[in-house]
Amino acid sequence: MADITAPQRRSFSLDGLTLRYAVLVGLIVIASIGFSMANENFYSMTNIGILLRSISVLFLVSMGMTFVMLTGGIDLSVGSNVAFSGGVGVVTLVSTGSPWLGFAAAILAGMAIGWINGFFIGKLQLSAFMVTLATFAAARGLALVIYDADSINVHDPVFLWLGGTSWGNLPVVIPFVALMFVALSILLYKTTFGRDVYATGSNFNTAFVLGRQPGRKLIWVYVLTGALAGLSAIITVGRVSSGQPWTGLYLEFDAITAVILGGTALAGGRGKLLGTILGVLLYGIIINGLVLTGTNPYLQSVIKGAILLGVVLLDTYTQRGKA
Amino acid sequence: MNTFKKLTAGLALAGSMMGTTALAADGTLDVVFINDGHVAPYHVAWLSGFEDALKAYDEAFDDVKVTGRWLSAEGSLEKMIQQAEVTINEKPDVMFVNAINVDAFEPLVAKAQAEGITWIAVHSPMDSADYSFTLGDVVNGTNQGMAMCALSGGEPYKVGIMLGQAGNPSGEARREGILKGISTCDNIEVVAEQPADWDTVKAQSITENWLTQFPDLDAISGVTDGYMYPAIAVSQNSGRTDIDFYGYDGDIPIIQQMEGGNVKADILLSGTREGWNFVQMAYRIYKGEEIEKVYDFFTPLVLSKENHEIALANGFPADVQVYHVEDALEVAAKGYLEFGPDSVK
Numbered sequence: 135m136a137d138i139t140a141p142q143r144r145s146f147s148l149d150g151l152t153l154r155y156a157v158l159v160g161l162i163v164i165a166s167i168g169f170s171m172a173n174e175n176f177y178s179m180t181n182i183g184i185l186l187r188s189i190s191v192l193f194l195v196s197m198g199m200t201f202v203m204l205t206g207g208i209d210l211s212v213g214s215n216v217a218f219s220g221g222v223g224v225v226t227l228v229s230t231g232s233p234w235l236g237f238a239a240a241i242l243a244g245m246a247i248g249w250i251n252g253f254f255i256g257k258l259q260l261s262a263f264m265v266t267l268a269t270f271a272a273a274r275g276l277a278l279v280i281y282d283a284d285s286i287n288v289h290d291p292v293f294l295w296l297g298g299t300s301w302g303n304l305p306v307v308i309p310f311v312a313l314m315f316v317a318l319s320i321l322l323y324k325t326t327f328g329r330d331v332y333a334t335g336s337n338f339n340t341a342f343v344l345g346r347q348p349g350r351k352l353i354w355v356y357v358l359t360g361a362l363a364g365l366s367a368i369i370t371v372g373r374v375s376s377g378q379p380w381t382g383l384y385l386e387f388d389a390i391t392a393v394i395l396g397g398t399a400l401a402g403g404r405g406k407l408l409g410t411i412l413g414v415l416l417y418g419i420i421i422n423g424l425v426l427t428g429t430n431p432y433l434q435s436v437i438k439g440a441i442l443l444g445v446v447l448l449d450t451y452t453q454r455g456k457a
Numbered sequence: 098m099n100t101f102k103k104l105t106a107g108l109a110l111a112g113s114m115m116g117t118t119a120l121a122a123d124g125t126l127d128v129v130f131i132n133d134g135h136v137a138p139y140h141v142a143w144l145s146g147f148e149d150a151l152k153a154y155d156e157a158f159d160d161v162k163v164t165g166r167w168l169s170a171e172g173s174l175e176k177m178i179q180q181a182e183v184t185i186n187e188k189p190d191v192m193f194v195n196a197i198n199v200d201a202f203e204p205l206v207a208k209a210q211a212e213g214i215t216w217i218a219v220h221s222p223m224d225s226a227d228y229s230f231t232l233g234d235v236v237n238g239t240n241q242g243m244a245m246c247a248l249s250g251g252e253p254y255k256v257g258i259m260l261g262q263a264g265n266p267s268g269e270a271r272r273e274g275i276l277k278g279i280s281t282c283d284n285i286e287v288v289a290e291q292p293a294d295w296d297t298v299k300a301q302s303i304t305e306n307w308l309t310q311f312p313d314l315d316a317i318s319g320v321t322d323g324y325m326y327p328a329i330a331v332s333q334n335s336g337r338t339d340i341d342f343y344g345y346d347g348d349i350p351i352i353q354q355m356e357g358g359n360v361k362a363d364i365l366l367s368g369t370r371e372g373w374n375f376v377q378m379a380y381r382i383y384k385g386e387e388i389e390k391v392y393d394f395f396t397p398l399v400l401s402k403e404n405h406e407i408a409l410a411n412g413f414p415a416d417v418q419v420y421h422v423e424d425a426l427e428v429a430a431k432g433y434l435e436f437g438p439d440s441v442k
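Here the protein sequences line up with chains A and B, keeping their order. Using this note's numbering, you'd call the opening residue of the first sequence number 135 and step up by one each time. Using this note's numbering, you'd call the opening residue of the second sequence number 98 and step up by one each time.
Hints are computed from structural coordinates only; laboratory data are not their basis. Even glycine gets a Cβ: it sits at the ideal position worked out from N, Cα and C. Treat the hints with care, since some could be wrong.
Below, computed lysine-lysine pairings styled on DSS-like, alpha-carbon distance capped at 30 Å [as the list claims (entries may be wrong)]:
hint, chain 1, residue 1, chain 2, residue 2
1, B, K162, B, K390
2, B, K442, B, K152
3, A, K438, B, K188
4, B, K384, B, K431
5, B, K208, B, K390
6, B, K152, A, K438
7, B, K162, B, K431
8, B, K299, A, K438
9, B, K152, B, K188
What follows is a set of in silico ranges between Cβ atoms, one per label pair, in the way DEER data are often shown [what the hints assert, rightly or not]:
hint, chain 1, residue 1, chain 2, residue 2, range
10, B, Q333, A, Q259, 46 to 52 Å
11, A, L433, B, A430, 22 to 28 Å
12, B, K152, A, N287, 39 to 45 Å
13, B, E156, A, S319, 55 to 61 Å
Calculated from the model, a selection of chain A residues having no Cβ within reach of chain B, i.e. all distances over 10 Å [stated by the list, open to error]:
hint, residue
14, L151
15, V225
16, S232
17, W234
18, S261
19, A268
20, K406
Construct the entire structure; sequences and hints are all you get.
Here you go:
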């Protein structure tokens with residue numbers, strides 16, 4: 135007798151990340167339609183410009199945070215680093231009169247904090263949470279010292295250009311962030327360094343045995359995040375025409391939220407920059423829409439928390455199915 | 098270039114004037130209040146006073162539809178800027194903004210004014226704003242410090258002062274005033290000054306540290322009543338019922354602890370009163386009344402009647418306006434008494 139096997143039914147299935155992106159896109163569409171129905175101003179060019187400008191810094195910081203979280207780490211110091219590196223940049227600008235030296239100083243200062251993080255985490259194998267918690271406090275303290283706890287007005291048009299200029303309703307910072315996204319995507323997906331980032335987060339010891347030097351890669355990942363914090367500082371100064379010691383407060387939590395929303399695993403080794411971009415966009419739309427619709431501020435945090443919890447639960451559910 | 102600047106300025110001025118005219122003509126008054134945070138009992142009273150006042154003015158006047166809302170930036174500068182940008186795009190009539198740092202908002206003030214929105218800087222004055230709603234922090238702090246001098250009895254007296262967030266103009270002004278007031282006598286020693294960042298939890302641990310570090314501490318002064326709640330509780334739980342407290346804000350639960358209690362003096366801001374005063378001010382602007390560019394909120398010192406008499410006997414200036422506890426509680430709870438619709442009818 136011939137074996138009879140039931141014909142295999144072709145099933146359509148999405149992998150976990152694709153499903154996550156589909157959910158995010160769906161939520162973005164639903165939120166946008168909902169907010170635009172509640173307030174027709176939502177789709178105005180002016181509001182879209184405001185929305186994009188307001189999340190530009192979060193985009194940059196979150197992309198750095200994605201690299202960090204892909205390695206299984208976390209960086210709680212990014213918000214404080216934005217304040218610190220901005221302070222160094224503004225003080226350099228004011229004392230030398232050169233915006234280019236100011237730019238360089240801001241980025242180098244951000245990288246310095248990143249290097250400290252990376253050295254203790256990558257070289258000395260200390261907990262990323264503890265190390266960056268320490269630099270979170272130290273960088274904010276240094277910012278307050280540099281600024282003497284007061285703001286410094288900035289008038290240099292070159293220094294203010296990136297954060298403060300718009301072409302019509304399009305802030306120039308948006309194409310800049312898009313370029314950064316492309317550059318960082320190439321770095322993550324098309325280079326050995328990018329593959330080592332994933333390898334470090336998947337299994338540090340295996341990466342070490344395979345000669346991928348995960349400790350050194352960790353240092354560079356945190357330096358990169360610091361550089362992005364420095365760039366964010368330049369944008370922030372341009373946006374408010376002044377250096378501010380309290381800028382970047384709670385930015386790390388927004389960035390972590392966006393990265394988790396975007397599907398990057400807390401344990402590392404899984405995630406993509408595209409997910410982070412979608413996470414930031416969803417986060418920004420929700421914040422913008424809640425303000426625009428005059429939602430009770432008491433409820434705003436509840437709504438944000440509920441969305442995050444919902445997406446994380448969905449992620450857990452879909453991942454369990456894959457196990 | 099000069100011609101261009103003049104033309105731009107002229108257009109902006111014309112725009113702003115037209116905004117006022119249109120505001121009066123279309124019979125609506127939309128008021129938005131953006132606050133730096135929403136963490137203390139003062140904020141709760143402030144925002145509920147604001148909401149109650151919006152409702153009361155809307156009901157009291159048939160010729161105008163009064164609407165409004167409030168937003169909290171939760172201490173984040175970036176969030177506050179975004180909220181201000183979105184609000185400007187919504188084109189309300191009046192914006193009250195309690196800026197985390199006024200310099201950061203200069204570009205937005207210009208943007209709001211170009212849209213015909215009246216920008217009112219709250220607590221920290223701004224030259225560029227249409228109006229500044231200020232508290233007279235230095236004078237208030239001085240009154241608190243002088244009250245401490247007058248009630249300390251001339252004996253050596255050790256005090257710790259809890260400050261606001263570093264760099265916050267209002268907190269710095271209050272500190273300046275308190276130290277100025279204390280400097281009018283020579284028996285008070287400031288043994289500690291520490292920022293508690295407007296945070297009650299930090300105020301609690303600071304109090305615990307001070308009680309250990311300074312066993313002979315006589316008083317705790319604060320730039321906000323938010324610090325008084327944990328400071329009083331921690332002191333009492335530690336058996337230190339001899340410590341005096343000098344507050345600032347006029348929170349009702351703190352004023353209630355003045356008669357026969359350890360709270361010796363307070364400054365009557367009262368969040369409820371301030372919320373009501375905002376709406377009254379917006380309505381007066383709507384009606385085209387002339388208002389001082391820097392509007393000083395009336396904030397008297399609060400003392401118990403008994404302590405006021407002691408203070409006067411000890412040389413406290415008689416010309417400093419003082420509210421006794423009963424009066425202070427009355428106006429603190431009922432903002433409409435001073436700033437309700439009847440005040441502008």
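Now the hints, each set against the structure:
1. B/K162 with B/K390: Given that 30 Å is the threshold and the Cα spacing comes to 25 Å, the pair holds.
2. B/K442 with B/K152: Holds: B/K442 and B/K152 sit about 16 Å apart, inside 30 Å.
3. A/K438 with B/K188: Between A/K438 and B/K188 the Cα gap is close to 26 Å, so the pair holds against 30 Å.
4. B/K384 with B/K431: Distance ~24 Å between B/K384 and B/K431 Cα, so the pair holds.
5. B/K208 with B/K390: holds (19 Å)
6. B/K152 with A/K438: holds (29 Å)
7. B/K162 with B/K431: It holds: about 23 Å lies between the C-alpha atoms, which stays within 30 Å.
8. B/K299 with A/K438: With a Cα-Cα distance of about 27 Å, the restraint between B/K299 and A/K438 holds, given a limit of 30 Å.
9. B/K152 with B/K188: Given pair B/K152, B/K188 holds - Cα atoms ~20 Å apart, limit 30 Å.
10. B/Q333 with A/Q259: 46 to 52 Å: holds (47 Å)
11. A/L433 with B/A430: 22 to 28 Å: holds (27 Å)
12. B/K152 with A/N287: 39 to 45 Å: holds (40 Å)
13. B/E156 with A/S319: 55 to 61 Å: Distance hint for B/E156, A/S319 holds at roughly 57 Å.
14. L151: The claim holds: A/L151 sits with its nearest Cβ about 29 Å from chain B, beyond 10 Å.
15. V225: A/V225 is indeed farther than 10 Å from all Cβ atoms of chain B, at 15 Å.
16. S232: Holds, since 22 Å exceeds 10 Å.
17. W234: Holds, since 23 Å exceeds 10 Å.
18. S261: The claim stands: A/S261 keeps its Cβ more than 10 Å from every Cβ of chain B (closest is about 24 Å).
19. A268: holds (19 Å)
20. K406: The assertion about A/K406 holds, with a minimum of 25 Å to chain B.
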